[in-house]
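**Student:** Residues per chain are reported as follows:
2 protein chains.
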Amino acid sequence: MKRKSMDGAECPVARALDVIGDWWTPLIVRDAFDGMRRFGEFQRSLGISKGILAARLKALTEAGILQATPPDDGGAHQDYILTPKGRALFPVVVGLRQWGEAHCFGPGEAHSVLVEKASGRLVGPLKLEGASGKPLDASATEVRKVSSRE
Amino acid sequence: MKRKSMDGAECPVARALDVIGDWWTPLIVRDAFDGMRRFGEFQRSLGISKGILAARLKALTEAGILQATPPDDGGAHQDYILTPKGRALFPVVVGLRQWGEAHCFGPGEAHSVLVEKASGRLVGPLKLEGASGKPLDASATEVRKVSSRE
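From first to last, the protein sequence lines stand for chains A and B. So the first sequence is residues 1 to 150, counted in my numbering. So the second sequence is residues 151 to 300, counted in my numbering.
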């Protein structure tokens with residue numbers, strides 16, 4: 001299904017989705033956070049065709065989310081590493097993870113967890129705070145439009 | 151493009167994406183957070199065909215993200231409101247928004263903003279903290295697998 005491009009949208013959610021492109025992106029970014037760099041590593045992890053993966057890696061490189069670099073070992077292939085713009089997707093990946101943990105597994109069903117490296121303890125939930133440091137849920141916030149309907 | 155189903159994945163990111171389904175979901179959920187309830191409101195906001203929107207609303211209702219309810223005005227149509235599971239997607243929508251704000255607009259280019267209702271002031275960035283309350287970035291965390299490759 002071809003999506004309508006939202007690259008002119010005033011809404012940052014729509015604009016972000018337009019750049020991210022499709023559902024493979026959060027999984028590729030997740031794998032890159034987990035230390036994967038090589039085409040073959042991503043392919044084994046995701047189980048997608050080489051053609052689709054090559055197209056996604058190219059698009060993510062063009063979008064400035066990944067950077068193609070020569071590998072440390074001097075080999076002929078390319079490594080793909082996250083740029084600062086790509087690393088800034090960390091809260092999105094964590095948000096998906098925490099929602100998945102809470103709502104997409106049955107009782108007692110096993111899943112991987114995100115831990116603090118230094119302590120090995122589980123990370124806390126993502127927090128949103130107001131200017132004064134007060135925790136905010138959705139009902140305490142609202143979107144202020146720039147002009148008409150975003 | 152048909153995605154591989156990840157509903158057996160041990161990774162909560164993959165499982166979440168499988169439930170969310172496609173890129174329309176964060177935009178429909180965003181609109182529901184903004185107070186939209188009616189089919190026509192979503193359609194005007196998203197600019198998609200009635201057929202695609204109807205299919206998405208049905209899938210989101212079946213996934214327990216939206217609930218179809220009789221409207222307050224006693225009309226014959228259905229309203230769609232977020233369930234608690236749907237409202238729990240708030241950090242994902244905010245994460246996409248904040249990444250979009252930071253990385254998908256040119257200097258001085260206008261975009262909508264998320265504010266604290268009570269004060270009208272901008273909300274802060276999503277924060278991730280360790281068990282001791284220490285702020286964590288991606289490099290301070292790691293995924294602990296349940297068994298083999300998630």
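Be aware that a few hints might be false.
To be verified - Computed list of lysine to aspartate or glutamate pairs in EDC-like fashion (alpha-carbon distance at most 20 Å, straight line):
#1 Lys277/B - Glu62/A
#2 Lys145/A - Asp184/B
#3 Lys145/A - Glu191/B
#4 Lys145/A - Glu279/B
#5 Lys127/A - Glu191/B
#6 Lys277/B - Glu10/A
#7 Lys267/B - Glu129/A
To be verified - Computed from the model, here is a short list of chain A residues facing chain B with C-beta under 8 Å:
#8 Val13
#9 Arg56
#10 Ala88
#11 Val94
#12 Leu114
#13 Arg121
#14 Val143
Unchecked claim - From the structure, some residues in chain A lie toward chain B, with a derived Cβ separation under 7 Å:
#15 Val19
#16 Gly100
#17 Leu126
The set of hints was computed from the structure by calculation and includes no laboratory data. Using N, Cα and C, we set each Cβ at its ideal position, and we do this for glycine too.
**Student:** Work down the list of hints and note, for each, if the structure agrees.
**Tutor:** Consistency of the hints with the structure:
1. Restraint check for Lys277/B and Glu62/A: not satisfied, since their Cα atoms lie roughly 28 Å apart, outside the 20 Å limit.
2. Simply put, Lys145/A and Asp184/B have alpha-carbon atoms about 11 Å apart, close enough for the 20 Å limit, and the pair holds.
3. For the hint linking Lys145/A to Glu191/B, the alpha-carbon distance of about 16 Å falls within 20 Å, and the restraint holds.
4. Taking the CA atoms of Lys145/A and Glu279/B, the gap is about 30 Å. The hint is violated against a cut of 20 Å.
5. Under the criterion of a C-alpha separation no larger than 20 Å, the hint pairing Lys127/A with Glu191/B is inconsistent with the structure, at around 30 Å.
6. Only pairs whose Cα atoms come within 20 Å are accepted, and Lys277/B paired with Glu10/A is rejected, the gap being roughly 24 Å.
7. This hinted pair checks out: Lys267/B and Glu129/A have alpha carbons roughly 12 Å apart, not beyond 20 Å.
8. Contact between Val13/A and chain B, as hinted, is supported at the beta carbon level, the nearest pair being about 5 Å apart and thus within 8 Å.
9. At about 10 Å, the closest approach between the beta carbon of Arg56/A and any beta carbon in chain B exceeds 8 Å, and the interface hint on this residue is violated.
10. For Ala88/A, the suggested interface contact is upheld, since its CB lies about 6 Å from the closest CB of chain B, less than 8 Å.
11. Taking 8 Å as the C-beta contact cut-off toward chain B, the hint placing Val94/A at the interface holds, the least distance being around 6 Å.
12. Among the interface hints, the one on Leu114/A holds; its C-beta lies about 5 Å from the nearest C-beta in chain B, closer than the 8 Å criterion.
13. Taking 8 Å as the C-beta cut-off, the interface hint given for Arg121/A holds, the closest approach to chain B being about 4 Å.
14. A hinted interface residue such as Val143/A counts as satisfied when its beta carbon comes closer than 8 Å to some beta carbon of chain B; here the least separation is about 5 Å, so the hint holds.
15. Interface hint status for Val19/A: upheld, as the beta-carbon distance to the closest one in chain B is roughly 5 Å, under 7 Å.
16. Contact between Gly100/A and chain B, as hinted, is supported at the beta carbon level, the nearest pair being about 3 Å apart and thus within 7 Å.
17. Because the smallest distance between the Cβ of Leu126/A and any Cβ of chain B comes to about 4 Å, under 7 Å, the interface hint for this residue holds.
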